[in-house]
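The numbering of the sequence shown is the working numbering, which starts it at 1 and goes up by one.
If you are wondering where the hints come from, they were derived from the structure by calculation, not from laboratory data.
Think of the CB as a built atom: it goes at the ideal place given N, C-alpha and C, for glycine as much as any other residue.
Among the hints, erroneous ones may be present.
Computed beta-carbon distance windows for the label pairs [unchecked claim]:
hint	residue 1	residue 2	range
1	LYS50	ALA5	23 to 33 angstroms
2	CYS46	ASP14	17 to 27 angstroms
3	GLY47	ALA22	42 to 52 angstroms
4	LEU38	TYR9	29 to 39 angstroms
5	THR36	ALA13	11 to 21 angstroms
6	PRO30	VAL6	16 to 26 angstroms
7	CYS11	LEU38	39 to 49 angstroms
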Amino acid sequence: MVEMAVPCYVCGADSVVDGLCARCYDKFHPLLVVDTPLTLLTCRRCGAVKVPGGWHP
């Protein structure tokens, strides 16, 4: 039995998951979505980041 490779329905590359290639799947199913900008306070000397309760290297 021969398995047929189905191309990505968005870009035509070899599909991996649900008819999408890895790049298109990542575009439509992001791991993390941030709706508001994040503000990070970092130390200029060591690069540590301020977190609740102190600094994290």
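Hints, one by one, checked against the model:
1. LYS50 x ALA5: 23 to 33 angstroms: 49 angstroms Cβ-Cβ, so the 23 to 33 angstroms window is violated.
2. CYS46 x ASP14: 17 to 27 angstroms: violated, 45 angstroms
3. GLY47 x ALA22: 42 to 52 angstroms: For ALA22 against GLY47, whose Cβ atoms are near 32 angstroms apart, the range 42 to 52 angstroms is violated.
4. LEU38 x TYR9: 29 to 39 angstroms: Holds, since LEU38 and TYR9 (Cβ atoms, about 34 angstroms apart) stay within the stated range.
5. THR36 x ALA13: 11 to 21 angstroms: violated, 33 angstroms
6. PRO30 x VAL6: 16 to 26 angstroms: holds, 23 angstroms
7. CYS11 x LEU38: 39 to 49 angstroms: violated, 31 angstroms
Against the hints set out earlier in the document, violations occur for numbers 1, 2, 3, 5, 7.
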